[in-house]
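Enquirer: Each protein sequence line maps, in turn, to chains W and U. If you use the numbering used here, the first sequence corresponds to residues 1 to 315, in order. If you use the numbering used here, the second sequence corresponds to residues 316 to 630, in order.
Just to be clear, a hint being listed does not mean it is correct.
[What the hints assert, rightly or not] In silico lysine-lysine, PhoX-like type, Cα no more than 25 Å apart, as pairs:
no., chain 1, residue 1, chain 2, residue 2
1, U, Lys486, W, Lys180
2, W, Lys242, U, Lys557
3, U, Lys369, W, Lys279
4, W, Lys279, U, Lys486
5, U, Lys486, W, Lys171
6, U, Lys486, W, Lys242
7, W, Lys242, U, Lys495
8, U, Lys357, U, Lys371
9, W, Lys171, U, Lys369
10, W, Lys181, U, Lys486
11, W, Lys295, W, Lys220
12, U, Lys367, U, Lys443
13, W, Lys180, U, Lys557
14, W, Lys242, U, Lys535
Derived by calculation from the structure, the hints in this document are not laboratory data.
Number of protein chains: 2
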Amino acid sequence: MKPYAFGVDIGGTTIKMGFFSSDGKFIDHWEIPTHTENNGEKVLPDIARSIKKKLKDNSITLDDLEGVGVGVPGPVLSDGVVNKCVNLGWGVVDVRKKLSSLLDGVYVEVGNDANVAALGEQWNGGGKGHDNVVMVTLGTGVGGGIILGGRILAGANGAAGEIGHMKVSDKETAVCGCGKKGCLEQYSSATGVVRLANLSLAANPSVETPLRDLDPITAKDVFDYAKTGDEFSLSIVDIVGKMLGEAIAHITCVVDPDVIVIGGGVSKAGQILLDAIEKHYRPAAFHASRDVDFKLAVLGNEAGMYGAVRMVLTD
Amino acid sequence: MKPYAFGVDIGGTTIKMGFFSSDGKFIDHWEIPTHTENNGEKVLPDIARSIKKKLKDNSITLDDLEGVGVGVPGPVLSDGVVNKCVNLGWGVVDVRKKLSSLLDGVYVEVGNDANVAALGEQWNGGGKGHDNVVMVTLGTGVGGGIILGGRILAGANGAAGEIGHMKVSDKETAVCGCGKKGCLEQYSSATGVVRLANLSLAANPSVETPLRDLDPITAKDVFDYAKTGDEFSLSIVDIVGKMLGEAIAHITCVVDPDVIVIGGGVSKAGQILLDAIEKHYRPAAFHASRDVDFKLAVLGNEAGMYGAVRMVLTD
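Use the sequences and the hints to build the structure in full.
Expert: This is the structure in structure tokens:
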């Protein structure tokens, strides 16, 4: 194996650039801005330029690179072609071919950002030591990644692990961003938690809770007050746990993984969140998968760079 | 590759023995009884003896065998160890090692029977031409198999594809065989369809339907009368389709397959069943997976032998 590799995590605002030794250790990491104008045509050239500069500064040539792994915020087919990245202004882009040609033929792998973050956590984070990992990312939305045998499951349409859009309620009247009603994301994302809290405050005007004095309420507030014992906040956390626990029980009936890793901003709530999920997961799960481990993600914003580079450093 | 292989499908009553050429064509197939007495200790020796006899009758030696694939009605771990087969009287049995030693070291692969049937359908049946197939088997119970990249997904506990025990209803009061309430199997297996019909007949005593004159009702009766336009039977088929369609929408959010294959006795109902499933699947599915194909299984009882032999004939 050649001595160096890059793991690149493309976001809508910044691109995280990770320069790694081929044993998977960071040598350096930095960020560059994401230029989305003109359908994001500068994104890949900017990445190539930044890589070449870093190599030049360290007196390394492209020949010393094992490869470049890239996570992108959109669906990725198994041939490395990205099918629409709204956040980057991209239509259909053959990222593997295009970036490789900008780097004189260097080996490039491409994955969806949520899947790539899951691979990072499986390799070097909350799922370390396990080959089969389901990661659930609770951020502004709910994303997911399925790692089987140490590899990303991309799916026929690049949509494997899109668990935020599992329908978990028949009763919802509000419409999810995807157009459906009752998606997991509507209850368990940061915005979903806040939505649940505001709906319940309005529906229960006589209930006293310190949340009522906040404007706006954040998901962190809900978990923080739940930790202090506020009954209202605890009731919201319980609904979040029920929706997640039952959805994860569906997931384990399908893939029966070694471990479930919970990440994203909402997961900073920590043990109280895991407890709420497990309370509802265990009775809903098929008995063979009932004792699956739940872990918190540990790599934070670096998971994407780790997972991206892992795609080109796979054993 | 050596010229011959066997695909063996172990059931609780009979063992289906398939003798194949290594291009995947049947040379012969037959059945032997399953002797479950004394914790099923004769099952593997009976299989070995039957294989040796067939080889001798055809003047073929064990050296000409590429391998023997075996489907068993219980959870199988990735190392070929079976963890309890209630129907065979087995506890923990290292099927791969034991059968291989009975056959002088021939290569043996082992899989769960539902997963193996799914592999058969993926290879040579309803899923032919696709690498990523979810099979849903509607028999006495509801089983499933997940084939990814042309291989069985077994799961950490041998429980991948156990989709019959996805919880699809919060309102159920009856207990499923697994101990939970509201499992898919309670609505979509042959027994589940009959249960739904009987419950609905009792709850709606004034509704007229030809089903009321039957004792007992079978799942086939429900579909047959639905095909004649009987409103009551159609309403039962619609519930079956809703439970299956929404559960399959969960599944495609996780693995995003190329095709869904519906098999088992209930699937003999044909297009009316697919129509009922798709009606509820499409609106519940994530948009990227919404247009997945639904196919009927085509191999029937031979799927297990095909899938079993495929495990030892994988490209």
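Enquirer: Look at each hint and say if it fits the structure.
Expert: Evaluation of the provided hints:
1. Lys486(U) x Lys180(W): 22 Å, holds
2. Lys242(W) x Lys557(U): Roughly 22 Å separates the two Cα atoms, so the pair holds.
3. Lys369(U) x Lys279(W): Between Lys369(U) and Lys279(W) the Cα gap is close to 54 Å, so the pair fails against 25 Å, i.e. violated.
4. Lys279(W) x Lys486(U): 19 Å, holds
5. Lys486(U) x Lys171(W): 13 Å, holds
6. Lys486(U) x Lys242(W): Given pair Lys486(U), Lys242(W) holds - Cα atoms ~15 Å apart, limit 25 Å.
7. Lys242(W) x Lys495(U): Judged against 25 Å, a Cα distance of about 16 Å means the pair holds.
8. Lys357(U) x Lys371(U): 21 Å, holds
9. Lys171(W) x Lys369(U): 60 Å, violated
10. Lys181(W) x Lys486(U): 20 Å, holds
11. Lys295(W) x Lys220(W): 19 Å, holds
12. Lys367(U) x Lys443(U): With a Cα-Cα distance of about 31 Å, the restraint between Lys367(U) and Lys443(U) is violated, given a limit of 25 Å.
13. Lys180(W) x Lys557(U): 16 Å, holds
14. Lys242(W) x Lys535(U): 37 Å, violated
Violated hints for the displayed structure, listed by number in ascending order: 3, 9, 12 and 14.
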